[in-house]
Amino acid sequence: MASILTPAMEAAVGKDGEPQSALVERGAVERFAAAIGDANPAYPDVAPPTFLRSVGRAIPPLPDAETAPRALDGGSEWTYGEPARPGDVITFVTQMESLVEREGRMGPMLIATYLTRYTNQRGELAATQRNTVIRMPAL
Amino acid sequence: MSDQTSIDDMAVGAEIPTLTKRPTTRQLAMYAGASGDFYEIHYDKDFANAQGLPGVILHGALKSAFLGQLMTDWAGPEGRLLSLSVRYREMDVPGDTLACRGVVKEKDEAAGTARCEIWIENGAGVRTTTGEAVVALPSRS
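Top to bottom, those sequences are chains A and B.
Here the numbering used here = 1-based position in the first sequence + 74.
Here the numbering used here = 1-based position in the second sequence + 16.
Each hint should be verified, as a subset may be incorrect.
[To be verified] Residues of chain B clear of chain A, computed beta-carbon distances all greater than 10 Å:
| # | residue |
| --- | --- |
| 1 | Lys-61 |
| 2 | Ala-77 |
| 3 | Arg-103 |
[Unchecked claim] Simulated pairs of lysine to aspartate or glutamate, DMTMM-like, Cα-Cα distance not exceeding 25 Å:
| # | chain 1 | residue 1 | chain 2 | residue 2 |
| --- | --- | --- | --- | --- |
| 4 | B | Lys-61 | B | Glu-137 |
| 5 | B | Lys-121 | B | Glu-31 |
| 6 | A | Lys-89 | A | Glu-175 |
| 7 | B | Lys-61 | A | Glu-198 |
| 8 | B | Lys-123 | A | Glu-156 |
| 9 | B | Lys-121 | A | Asp-119 |
| 10 | B | Lys-123 | B | Glu-94 |
| 11 | A | Lys-89 | B | Asp-53 |
| 12 | B | Lys-121 | B | Glu-148 |
| 13 | A | Lys-89 | A | Glu-198 |
| 14 | B | Lys-123 | A | Glu-151 |
| 15 | A | Lys-89 | A | Glu-151 |
| 16 | B | Lys-123 | B | Asp-24 |
Honestly, the hints are just simulated from the structure, not real lab data.
Even for Gly, the Cβ is constructed at its ideal location relative to N, Cα and C.
Bound conformation, chain B alone (with noise of 0.2 Å):
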C-alpha cells in the first residue's frame, strides 16, 4: 500500500484515518514557547480558575495544528492542504485522549480537489471541535 493517497482512490464518504491525540501540560507550556501565545490559561491553573475556567485549558489553536496534521498525514507528500477551518465549540484539558477525524464529503476530480468534514472527540465522544478542510491531491493517471 502507497503513502499517497491519491484523488482516483479516495470515495465520497471515506472516512480518514484517525489520529489521535494525549495532549499533556508539558505539551501546553512547549506550545505556547513555540507559538508566542503566553495566555496564562493554557499554563497557570490558579489564573485559569480565577477566568472561571475548571483549569488550564488547550490552546484552540493547537487543537487547529493538530487538525492540520489530519489533513496532511492523509494527503500524504504530493498532497496539498487549500484550507483549514476549525471552530472551537467546547474547551479541552490536558490528561484527555482526543481523536482527530474526518470524513470526505465531496470530490471534485477534474480540480483534483476534497472536501472533508473535521472534528475533534474528546474521551467522552464530543465533538468540541468542528471544521472542514480542502486538499489537492494528485491523480493515479
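Isolated chain A, as found in the complex (with noise of 0.2 Å):
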C-alpha cells in the first residue's frame, strides 16, 4: 500500500506552531465544570485538570493533511504546575513531537503526538498536554 506520510509532513515535526495567549474566563471555568458533570467547590476558583485544553491548542498546520482528513484522539498526558485559575492570562505553545506512519486493523493510519506548554502571566508553568492524534484516509 501507498504511504500517506508525505516528506512535507515529515520536514512539519518538531516545529512550534505560532505561540498564543487566552484569558481564563469565570464564566469558561464554569461551563466546563458543568460540562463535564463535576460539582467540586473548588470551581471555578481554580480550573479544573483538563480545563485548559479548551483555553486554546496552537497547533501547527500539518501539511497535505488531506491524505489522512480521519482523526481520532488517541489520549493525552498531562502534567501539572501552578493551577490555572480566573483570571490567568495562558500563553500556550504546541509542537508535533513526532508522526509516524502505521498498519492499522483498517489500513494506513499516522499517529501524531503533540506537545502544548501552558505558561501563565507569571511566566510559571501550569500544564503541559502530550496529545496523541491517529489520522486515517478517507474512507
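With the hints as a guide, dock the two chains, each given alone in a separate frame, to form the complex.
What follows is the structure in C-alpha cells.
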C-alpha cells in the first residue's frame, strides 16, 4: 500500500506553532465544570485539570492533511504545575513532536504526537499536555 | 470519616472509590461548547455514520476529564493532581454507564505521592480507557 506520510509532513516534525494567549474566564471555567458534570466546590475559583485544552491549542498546520482527513483522539498525558485560575492569561504553544505511519486494522494510519506547554502571566508553567492523534485516509 | 485522603492512611492496592458517569448526547453538546471541540463525530449522527462510526461518540478529552474528577475527588481539597495520563482504547457512546475506577499501585511516603492505575469500564465491563495518575497527598503528622 502506498505511504500516506509525505515529505512535507515529515518536515513539519519538531516545529512549534505560533504561540497564542488567552484569558481564563470565570464563566468558561463554570461552563466547563458543568459540562463534565463535576460539582467540586473548588470550581470555578480554580480550573479543573483538563480545562486548559479548552483555552486553546496552537497546533501547527499539518501539510498534506487531506491524505488522511479522518482524525481520532488517541490519548492525552498531562503534567501539572501552577493551577490555572480565572483571570490568568495563559500563553500556549504546541509542537508536533513526532509523526509515524502504521498499518492498522483498517489500513494505513498516521500517529502524531503534539506537545502543548501552557504558561501563566507570571511565566510559571501551568501544565503540559501531550496529545496523540490518529489520522486515517478518507473512506 | 474525614473527606481528606492522607498519604499515611493509604495502602498500595487500595481501590479508589468508583465514580459513575452516564453521559448523554446533551452532555456531549455541552462539552463541545465548553471545550471548543466541535468535531462533528461528537454530535452529528449522520456525520459520524459517514466516518464509519456506529453513531456519535464521546470526546476522548471528556473521558480524561472524568478520570481527572476521579482523582481530584479522591485526593480531596488538600491533595494535588501532579499528572494524568489517559489512553483511549475503545470508543464510548452516550447512553452507556461508565465506571471510572482506580487502584493505588505505588506510594512514596517521603515525597507524599501516590501513583495510581486508572481506567474506565463501560456497561459491558470492557476497559475502554486506561491510564495512570500521580497525586500528592497531605500527611496526618
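Hints versus structure:
At roughly 16 Å from the closest C-beta of chain A, the C-beta of B:Lys-61 stays outside 10 Å, upholding its exclusion from the interface. With a least beta-carbon separation of about 6 Å from chain A, B:Ala-77 fails to lie farther than 10 Å from that chain, contradicting its non-interface assignment. Once the 10 Å rule is applied to beta carbons, B:Arg-103 is inconsistent with being away from chain A; the minimum gap is 4 Å. Our distance criterion of 25 Å between C-alpha atoms is met by B:Lys-61 and B:Glu-137, whose separation comes to about 23 Å.
Proposed proximity of B:Lys-121 and B:Glu-31 is supported: the alpha carbons are some 10 Å apart, at most 25 Å. Only pairs whose Cα atoms come within 25 Å are accepted, and A:Lys-89 paired with A:Glu-175 is accepted, the gap being roughly 18 Å. Restraint check for B:Lys-61 and A:Glu-198: the C-alpha separation of about 42 Å exceeds 25 Å, so the hint is violated. For the suggested pair B:Lys-123 and A:Glu-156, the alpha carbons sit about 23 Å apart, so the restraint of at most 25 Å is met.
Only pairs whose Cα atoms come within 25 Å are accepted, and B:Lys-121 paired with A:Asp-119 is rejected, the gap being roughly 31 Å. About 17 Å separates the Cα atoms of B:Lys-123 and B:Glu-94, which keeps this hinted pair within 25 Å; it holds. Taking the CA atoms of A:Lys-89 and B:Asp-53, the gap is about 23 Å. The hint holds against a cut of 25 Å. In summary, the hint linking B:Lys-121 to B:Glu-148 is supported, as the alpha carbons are separated by about 10 Å, within the 25 Å threshold.
For the given pair, A:Lys-89 sits about 22 Å from A:Glu-198 by alpha-carbon distance, which is consistent with the 25 Å threshold. For a cut-off of 25 Å, the pair hint linking B:Lys-123 to A:Glu-151 stands: about 20 Å separates their Cα positions. As the CA atoms of A:Lys-89 and A:Glu-151 are separated by approximately 20 Å, the hinted pair is consistent with the 25 Å bound. Proposed proximity of B:Lys-123 and B:Asp-24 is supported: the alpha carbons are some 10 Å apart, at most 25 Å.
Violated hints, listed in ascending order, are 2, 3, 7 and 9; each of the other numbered hints is respected by the structure.
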